[in-house]
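Could you put the whole structure together from the sequences, leaning on the hints where they help?
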Amino acid sequence: MSAIVGVHELSKRIGNHIRRFRFDAEEMSQQALADKIGVTRQTIIAIEKDKYSPSLEVAFKLAEVFDTDIGSVFTYQEPK
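Position one of the sequence shown corresponds to residue 1 (the numbering used here), numbered consecutively onward.
Heads up, none of these hints are tricks.
Cross-link-like lysine to aspartate or glutamate pairs, in silico, EDC-like; alpha carbons within 20 Å at most:
(1) K36 x E48
(2) K61 x D35
(3) K49 x D35
(4) K49 x D24
(5) K61 x D50
(6) K49 x E27
(7) K36 x E64
Hints are computed from structural coordinates only; laboratory data are not their basis.
Since this is a predicted model, take the numbers as computed values, not measurements.
Encoded structure:
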């Protein structure tokens, strides 16, 4: 496999638990979460569906909103 990995391939390896965290946070809406971290609702939707990998800044803001570490919100699966 090439050392250069396309963004689409990389996003398939990064998963997240945002929906579960939103549910646990009194069923926080996607819009409420977007407002808290300064992005659009569409961005939250894309991240939750693993169609978009957020910047580190957005990832850290998400973890901060849920008062947890970034590794609890996002997962990375090594390629096989």
